[in-house]
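> First to last, the protein sequences are chains F and S.
Under our numbering, the residues of the first sequence are numbered 1 to 296, in order.
Under our numbering, the residues of the second sequence are numbered 1 to 119, in order.
By construction, these hints were calculated from the structure, which means they are not laboratory data.
Idealized CB from N, CA, C, for every residue including glycine.
Heads up, some of the hints might be wrong.
Label pairs and their calculated CB-CB ranges [what the hints assert, rightly or not]: (1) F:A95 x S:I116: 45 to 53 Å; (2) S:G70 x F:V268: 31 to 39 Å; (3) S:G49 x F:L131: 54 to 62 Å.
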Amino acid sequence: MIKSIEEYLDLLKTELQGSDAATVQDALADAEGHLRDALANLREKQPLVSEEEALNYVIEQYGSPAETAAAYAEVERRTVPQLARENQNTESAVARFFGVYTDARAWGSVLYMLIAFVTGTFYFSWAVTGLATSISFALFIFGLPFALLFFLSVRGLALLEGRLVEGLLGVRMPRRPLFTQQNLKWLDRLKELAMDRHTWFSILYMFIQFVLGTVYFVLFTTILSLSLSFIAIPFIQEFLLIAPIQWTDEIRYSFPTWSYPLVVLGGVMLWTTFMNLARGIGQLHGRMAKAMLVTD
Amino acid sequence: MVDTSTLTKKFQKEMNAGIASLVLLSVLDNNRKPMYGYQIAKLLEEYSGDASFMKQGALYPVLHSLENSGLLESKVEPSVSGPPRRYYAITSEGRETVSIWQGVWKQMKSFVDKAIKGA
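Only chain F is shown next, with the shape it has when bound in the complex (with noise of 0.2 Å):
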């Protein structure tokens, strides 16, 4: 017999185990949410019923955990397969290769290098304030809920995180914030963030993105430059005269005609090869962020 809302989530999620983590996270809000509606709307109409028997009808009508469990596995093994599928194309390597250009995963690994610099400096400047002060306040009284305040907006920026790197990278992440207990102090809610290692986790992301976001822009400059100018080589000799290498005021170098296809071949092939790069950049830093941001 189920004795609350907690000891039916425990059980469905020792029912999920083996399931994709985000699956598993929307699986428990899902349960979460609608229990609550059903026990709270059957206890307004039938108020003689006693708790057990609410919650044991209620979950009679939601499915127990293994059959809810079924549900969600059932519904994930007829979805998931379409990405495993894509991967299953027989092309030759060289197809493969510039078959990355058609890959939306390829781009959106680009567009997010891009945004990470962007991300990557906001969340390191907002992980340190928040540190800092939260630590430094904690002398005075209002130190505890500026803490609290700072933990709240870490777990939020790490659900938005998880939307990009779902978004960009195509690795699913969870779509909504877990749900913490209701009606608890706020000081026993900040004691349960903190005593959270997810909490601490996705701080420590705030401060790797920094790192990683700066990595990234550097690469993604570097060689978009690097690439554009190869190609370009051609133009610039041809139609605007200018020796492209220059040592000193008077050694310029310039690049033989014959050359011209290697040199803008050698612009093309460095910009695919970068795009296949930024795929798998991408996929990994999506297990990272799944390993950091999702509570299991």
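Given chain F's structure and the hints, the job is docking chain S onto it.
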């Protein structure tokens, strides 16, 4: 001996797999306003009367998968009591799709009815 109740359950489950999507899309198509999961489940309970066709918990994964296919969209809004709620609304692709599906269902229904009656 064949266990008819297990077989019936299996039959019900297999039928529900497709019908749940049609039912959820239709409900959201008929209701102009976005609805949250429990609201939809309540409405379906009214429709089904005493018979229970599927567990309410099984509706949610279907809602997620319809959202992933772009037939539904959703947003989270805080609720007065308890945790925030996810409201689902049908998209324009969803409306197009559901009208096609309803056509398919009508044809299917008359086909099955004929097969059952044998006429």
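> Compare the structure with each hint and give your call.
Cross-check of the supplied hints:
no.	hint	verdict
1	F:A95 x S:I116: 45 to 53 Å	holds, 52 Å
2	S:G70 x F:V268: 31 to 39 Å	holds, 34 Å
3	S:G49 x F:L131: 54 to 62 Å	holds, 57 Å
Checked against the numbered hints above, the structure violates none of them.
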